[in-house]
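Could you put together the complete structure from these sequences and hints?
Those protein sequence lines, which keep their order, are chains A and B. Per the working numbering, the first sequence starts with residue 1, numbered consecutively. Per the working numbering, the second sequence starts with residue 1001, numbered consecutively.
Since the hints were derived computationally from the structure, they do not count as laboratory data. For each residue, glycine too, the CB sits at the ideal point set by N, CA and C. One thing to keep in mind: the hints can contain errors.
Over 12 Å on every C-beta distance to chain B, these chain A residues come out as not near it, computed from the model [claimed, not checked]:
(1) T55
(2) I56
(3) Q59
(4) K60
(5) L63
(6) N99
(7) A116
(8) T223
(9) L226
(10) V261
(11) V276
(12) R330
(13) K335
(14) S343
(15) Y355
(16) P396
Here are the simulated lysine-lysine pairs, BS3-like style, with alpha carbons at most 25 Å apart [as the list claims (entries may be wrong)]:
(17) A:K222 - A:K134
(18) A:K363 - A:K319
(19) B:K1178 - B:K1116
(20) A:K335 - B:K1326
(21) A:K134 - B:K1326
(22) A:K23 - B:K1220
(23) B:K1116 - A:K134
(24) A:K319 - A:K335
(25) A:K335 - A:K119
One-sided excerpt, in silico: chain A residues whose CB lies under 10 Å from chain B [unchecked claim]:
(26) A25
(27) T101
(28) P104
(29) T107
(30) L170
(31) N277
(32) G307
(33) E332
(34) E333
(35) L352
Listed here are the chains, written in short residue letters.
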Amino acid sequence: MKKCTIFLVIILAGAAALTSCEKGAQLYDVTISAYYPEGYGDDLASDVNILIENTISGQKFNLVTNTLGTAEMALEEGMYKISATKETDDFYLNGITENLTVQPTGTNNWDVHLVATSKEGGLVFKEIYYTGSKTESGSNYYSDQFHEIYNNSDEVVYLDGLCFGLTTPLGSTETVWVNPDGSIMDRIPCTFHVLMVPGTGQQYPLQPRTSTVLAMDAIDHKTDPLGNPLSPVNLAGAQFEAFIEAPGKDTDAPQATNMIVMYTTSASMVDWLHTVNGQGVIMFRLPTGLDWQTFVANPDNFMTQPGSTSQTQYFMVHKDWVVDGVECNRPEEDKRFKRLPTSVDAGMTWSLASYNSKSVRRKVEKILDGKAIYKDSNNSYNDFINDLDPTPFEHPTTVDN
Amino acid sequence: MKNLTVLRLLISLIMAGLAGTVSAADTIAVPRGSRAFDIMPFVLPWTGTSNPAALSETNFGNISLAQAGYTRFDDDIRMIQQPVQSSSYHAVTKGFMNLGRVSLFGSFKYSNSGYKGVNYNGTMMFDTRNPYLLGDSVSARQSREQFGMEGKLSYSLNDRVNIAFGAEYLSAVGAKQKDPRNKNTISSLKVTPGITYDLGKTKVGLSGSVYTTSNEMSYKVEGNWNQDLFVFLGLGYFRQEINISSYSQWYTGNGFAGALQASREGDDLYMIAEVSYDHYTEEARSGSSFRLIDGIIETDDISLSGMLRLERGHAFHILTVKGSLKAVSGDEILQRSYKINKGTYTYDSLATVSWIENKQMITDLGGELKYTRMVYDNDYNVDLEFGGALRVGYYSTEHFPVQSYGFYNTFNLGGSLFARKLLKGGRLLITPGLEAGYRMNLGSDISYIVQTLSIPAMVYHDYYIAKANIISASASVRIEMPFSQNKFIKSLFLIPQGRYAAAPGSEAGDLSGYMIDVVAGLTF
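So this is what it looks like as structure tokens:
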């Protein structure tokens, strides 16, 4: 009996050791400090809204920095992104820091630096439809893509010379277009076709609180024989079309003004394509006095991909030239990587799937004299609503929450 | 009070069995026919251990069995990642052979199975503790064809020492014929050496094993390119792979185990115990060219089993006890591969983005106490068999940090009574049997934090099933015709059986399920 007891004790001790030697994953304290832009006066920013996102699990936490400009939280191990937003009378302040990890040992001090953008209205992307649609036979259809531009200001804006670029990289990897310290370059690489609105300077006015549509193909996609009856859009009324003449396979809708193709990284592409998985898109103007032929003739305005043997030359746009930019990204939480500088877009937006006939649209912030003023805090995560039925040429009459 | 009454009834029945009549000691042999394979662990207790050297105890000559059958389950009382329905055609042949000092055992199994109502699990691993399962929400029939082989060889070095070697191999393929369609190639290999040393009345043994498992999955979409997959992380939390056209996953594991056995034999009393430890590591890796780790589980399993057999004339009183503790810890990992281009050359680099240890932990503690009274007739057929069992189980699953995620645990007590009686009709040996059982929940707790990427309904379903009070009943009849004159075929047998279980009033609803099984075969 005594031997049995000893044996039992050994077994129970072994079992206890087995269960007690390991502890589950824990929470660790993290301190976040928010900093104003240089020259703002103060250093640390109080009352900043901080959004912490676990890029692996999708968890989100909202904090506000205290009077010392810091916020604290206990987080589990993992990969995080923090976004900071603050609004003053004259500026939207945005900041973003990515690839942060919680260390189980030592202290976790994270910084986020704010970038200021003026509240003055201007041209903005009102709606972007890039996901495409499915045909009746189940095939993929993406010729119904469009980008809608809205004049959010009180003044007429002339579109002549306004340029559009789709940025690289497209896939689910981090951008390699970075500085030696890992920060995103000031120059933004554009891939595929880079387009420009033609005109002599005042040929294409856009009235205050009105929009214009840049279509991939300016046809009624629902009824046109070349279209897709299941497409959600009629783009026959689009003012501008991305007509890519060179490969000879694109349809030219005569009623729409063709954009100038300034440059392309792929002469074989039959049309201007915003990838259906989401891609950054920028609206920009070349520096005053510089015509596009002179710009593309200068090799200093192009770069090959860092670390690549590929000789493909990418069209580089300085972030200060950008009028508006929206980072449309992949639907998967853990595959979204920041590609645009914070001053262009401090956030990102996405549709939930490709070929789902859905668009992303900027939120309406105010209705003035029956017309919409779209939200432009320079953070598309906060400014856009995703997965909506496309509504080109239409503007809501109520404010979006 | 009601629970206490049931407990008292079970204990009374067991005590009544222990107090049964005894008769003069007489050696009981392994019965003829198909029952030899079932009751061998009671008659030759070492054959119930994991030690292959126990094969040297099988000195009853040569006996083999071949059988084929059909099994069907339709069960609502199941975990969410298990099938609602399954059916299987199966065939087995196995046998023992003695060649002087050498004893051999071999078996070959084949099954062709179909599963319906499987959600969130394309792995075909329906009884696993691995939380990192890959699955989709398209429920369609999955089929699986499987072969299994086992061989053991034991050699008696002398009157005291037996050494042995055993090996098991399993190979299976499975598939679903609807998008997203998974194809599974499953294999496992286990080798088990063992040794026993006979000290006379006392005998000790040592065995160990190493094993490896593999389940290579490939998902494909042949129709519309718009299918999503769930990479589960435990307790209903997941990562999503959306819009896949193809996807590969590999579950690869290896383990080792060791076991100690000891027995003590008296005039009519036989005691045997085995304590074993098993450590298993399984990785879930995604990708085809670069297999990135999604998660690693480590399972530590300590088991204890013992049997006390009292022989009284043509009858056995058998008391068995079993206990096991399984501790599972899962590391959640996120890796990415990059192509590094250095101008004149490129290479692929793998980066570990996140490695969180002990993110998912499971504790599974179980025990069983069982009494069996077995009475033989003069021909060594089992004339009467009855008894009862008490089972207790504690199960806990936690996703850490539990403040941000959750956990649940259940504590159940179960009992069962069974009886089988041999009836003779001409040359036929007919053994009808009945078993009734009840499982009741003694305690449970759950806390669950819903996250963006979580399926709470999945967790609550499993929790309600794990804590459900379940009543069950089963019936079987063994019909066997021995051929004493036939030199090759020793007997023909047919065994239909069925089981019904119900969980009325469970929090998951009024659930029920049944199993039917029929096998026919021969011994030779």
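We went through each hint and held it up to the structure:
no., hint, verdict
1, T55, "violated (9 Å)"
2, I56, "violated (5 Å)"
3, Q59, "violated (6 Å)"
4, K60, "violated (7 Å)"
5, L63, "holds (15 Å)"
6, N99, "violated (9 Å)"
7, A116, "holds (31 Å)"
8, T223, "holds (24 Å)"
9, L226, "holds (22 Å)"
10, V261, "holds (29 Å)"
11, V276, "violated (9 Å)"
12, R330, "violated (9 Å)"
13, K335, "violated (9 Å)"
14, S343, "holds (27 Å)"
15, Y355, "violated (6 Å)"
16, P396, "holds (27 Å)"
17, A:K222 - A:K134, "holds (12 Å)"
18, A:K363 - A:K319, "holds (24 Å)"
19, B:K1178 - B:K1116, "holds (12 Å)"
20, A:K335 - B:K1326, "violated (36 Å)"
21, A:K134 - B:K1326, "violated (49 Å)"
22, A:K23 - B:K1220, "violated (38 Å)"
23, B:K1116 - A:K134, "violated (30 Å)"
24, A:K319 - A:K335, "holds (24 Å)"
25, A:K335 - A:K119, "violated (31 Å)"
26, A25, "holds (4 Å)"
27, T101, "holds (7 Å)"
28, P104, "holds (9 Å)"
29, T107, "violated (19 Å)"
30, L170, "violated (14 Å)"
31, N277, "holds (8 Å)"
32, G307, "holds (4 Å)"
33, E332, "holds (6 Å)"
34, E333, "holds (7 Å)"
35, L352, "holds (8 Å)"
The structure shown violates the earlier hints numbered 1, 2, 3, 4, 6, 11, 12, 13, 15, 20, 21, 22, 23, 25, 29 and 30.
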